[in-house]
Amino acid sequence: MKTGDLIRALAADSEIRLRPPGQALVLALIPGVAIALGLFVAVFGLRPQIVALLGEPRLLFKLCLAAVLIGLSGALVLRLVRPGADVRSAALLLAVAPALLAAACLAEIFAVPSNEWGQRLLGANALFCLKSIPFLSAAPLVAIVLALRNGAPEHPALAGAGAGLFAGAIGAAFYAAHCPDDSPLFVAAWYTLAIAIVTVIGAVAGARLLRW
Amino acid sequence: MEKVNSREARWVGLMRAAQQGDRAAYHSLLFELAPFIRGAIGRRWGRFEGIEDLVQDVLLSMHSVRHTYDPQRPFTPWLMAIARHRMADNARRYVRKVRNEVNVDEWPETFSAHEPNYLDEGPGDVQSLREAIAKLPVGQRQAVEMLKLQEMSLKGASAASGQSVAALKVAMHRALKALRAALGEERQG
Chain L
1 MKTGDLIRAL AADSEIRLRP PGQALVLALI PGVAIALGLF VAVFGLRPQI VALLGEPRLL
61 FKLCLAAVLI GLSGALVLRL VRPGADVRSA ALLLAVAPAL LAAACLAEIF AVPSNEWGQR
121 LLGANALFCL KSIPFLSAAP LVAIVLALRN GAPEHPALAG AGAGLFAGAI GAAFYAAHCP
181 DDSPLFVAAW YTLAIAIVTV IGAVAGARLL RW
Chain U
1 MEKVNSREAR WVGLMRAAQQ GDRAAYHSLL FELAPFIRGA IGRRWGRFEG IEDLVQDVLL
61 SMHSVRHTYD PQRPFTPWLM AIARHRMADN ARRYVRKVRN EVNVDEWPET FSAHEPNYLD
121 EGPGDVQSLR EAIAKLPVGQ RQAVEMLKLQ EMSLKGASAA SGQSVAALKV AMHRALKALR
181 AALGEERQG
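Top line first, the protein sequences correspond to chains L and U. By this note's numbering, the letter at position 169 of the first sequence is numbered 169, and the numbering carries on one by one without gaps. By this note's numbering, the letter at position 119 of the second sequence is numbered 119, and the numbering carries on one by one without gaps.
If you're looking for bench data, these hints aren't it; they were derived computationally from the structure. Be a bit skeptical, because a hint or two may be false.
Result set (SDA-like, lysine to any residue): computed pairs, CA atoms no more than 25 Å apart in a straight line [what the hints assert, rightly or not]:
id, chain 1, residue 1, chain 2, residue 2
1, L, K2, U, L60
2, U, K97, L, R88
3, L, K2, U, R66
4, U, K169, U, E131
5, U, K3, U, R38
6, U, K148, U, A134
7, U, K97, L, G38
8, U, K148, U, V170
9, U, K177, U, Q142
10, L, K2, U, E131
11, U, K97, U, P74
12, L, K2, U, R86
13, U, K97, U, A134
14, L, K2, U, D125
15, L, K2, U, G42
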C-alpha cells in the first residue's frame, strides 16, 4: 500500500470513538469503587465511633496519607497512559507519601516509650490488614487496568504497577476507615506491604494486558 | 529552532482540529508527518528496504491512539513516544523474521522444463526397468519398444509389426502390468 493511500484512508476515519484517558479512568473507577464500597460495607463496616475519633491525630494522619497517595498515584497513572508524558516528575512527587510516613514514624517513636514500639508495630490485625487491602483493591484494580487498555502506555509493566499502586491506595483508604490500628509504625509496616502486593499484581497484569 | 517551534505550533493546531473531527486538518497533518517519521527512522536505523512499512506502521499506531493526545501538551514528544514504541516492537519482530530467512538471488522453480526428458534421472531404477523389459514375452516387448521407447503411433506400430491395433493395445496393457509387477517385487525385495 502506498503511504499516500494510507493517509487518505486514515483521514477519512478521523472521527474519534475512544474517550481521552482521564475520562476513561474516571468512568471506569465509578463502578470499580462502588463495588469496593459495597464489599467494605458488607464485609468490614466503618469502625465504631469513627466520627468521634476523627480528632485523634493518628487516625487523621492515616486517612490523609491514603488520600495523598490516591492523588499522587492517580496523577502518575494519568501520565503513564499518555505517550511522551512526563512520568518522571509525577514519580518523584510520589516520594512525598513515604516521606510523610517516615516523619510520622519518627514522631511516634518520640511520643511513645520504647517498650510499646513492638506492640504498636504489630497491632491487633496485621495479617487481616495484609489480606483486606488487596481484597478491597481488586475491583478498582480491574477497573483501572481496563481503562488503561483504552490508552497507550509506553511501558506496560510500569503502567500496570502504577495501576496497582493507585488501586492499593484506594483499598487502603477503605480499610483505614475500619482498621483499629492507627500507629504510623503499623501503617508503615503492614499498609505498605499490602499496597506493595497490589502493585506487584498490577505490574504482572500490566505486562500482559497493556501491550499495544 | 524558530522553524521547529512554528512547526510544533502548526502540528498542535492541526491535531486539535483533527480531534474535533476536522478531516482536512487531519489529512494535512498526516501528510506532513509521513516524511518527518521517515526521516526520524532513517536517522535512527539508516535507510533500508521496507522503511515505508515502518512509516505506515507508526502512522497507523498514532491513528489508533489519537485520543491519548492531550491538546494542552506538546505534540512532537507524544508522536515520538509512539514512534519509539512501535519501532522497538518492529525491531524485535524484524530480527525474529530475518533470523529464519534465507536470501536467494534466483528463485528455484518448482517445475523445470527439462527434467521429465532425462531418462537417467527420476524416481525409478532405469537399469532394472531395462532388464524387466528384456524379460517380457516377444509380443509384449515389441509393443513396449515401438509404442513407448520409439514413441510410434498405434497405426505405425501396427504397420511395422503386422499386428492389429487391438492386439498391440492388449499386448501393451499386459506388458505394463507385468513390468509393474516385476518392478514392484524388486522394490519390496
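We went through each hint and held it up to the structure:
1. For the proposed pair K2 (chain L) and L60 (chain U), the alpha carbon gap of about 13 Å is at most 25 Å, so the pair holds.
2. The suggested pairing of K97 (chain U) with R88 (chain L) is violated, with an alpha-carbon distance near 35 Å, which exceeds 25 Å.
3. A hinted pair counts as satisfied when its Cα atoms are at most 25 Å apart, and K2 (chain L) with R66 (chain U) qualifies at roughly 21 Å.
4. At most 25 Å may separate the alpha-carbon atoms for a hinted pair to count; K169 (chain U) and E131 (chain U) meet this at roughly 22 Å.
5. Distance hint between K3 (chain U) and R38 (chain U) is fulfilled; the C-alpha atoms sit about 19 Å from each other, no more than 25 Å.
6. Simply put, K148 (chain U) and A134 (chain U) have alpha-carbon atoms about 14 Å apart, close enough for the 25 Å limit, and the pair holds.
7. Pair hint K97 (chain U) plus G38 (chain L) does not hold up; C-alpha atoms about 51 Å apart against a cutoff of 25 Å.
8. Of the supplied pair hints, the one linking K148 (chain U) and V170 (chain U) holds, its CA atoms being roughly 14 Å apart against a limit of 25 Å.
9. Proximity of K177 (chain U) to Q142 (chain U) is assessed by CA-CA distance (about 15 Å); at most 25 Å being required, the pair is judged to hold.
10. For the proposed pair K2 (chain L) and E131 (chain U), the alpha carbon gap of about 63 Å is over 25 Å, so the pair is violated.
11. In summary, the hint linking K97 (chain U) to P74 (chain U) is not supported, as the alpha carbons are separated by about 35 Å, beyond the 25 Å threshold.
12. Between K2 (chain L) and R86 (chain U), the direct Cα distance comes to roughly 19 Å. Compliance with the 25 Å bound is thereby established for this hinted pair.
13. Distance hint between K97 (chain U) and A134 (chain U) is unfulfilled; the C-alpha atoms sit about 56 Å from each other, more than 25 Å.
14. With a CA separation close to 54 Å, the supplied pair K2 (chain L) and D125 (chain U) exceeds the 25 Å bound.
15. Restraint check: the Cα-Cα separation between K2 (chain L) and G42 (chain U) comes to about 18 Å, which is no more than 25 Å; the hinted pair holds.
Hints 2, 7, 10, 11, 13 and 14 from the earlier list are contradicted by this structure; the remaining hints agree with it.
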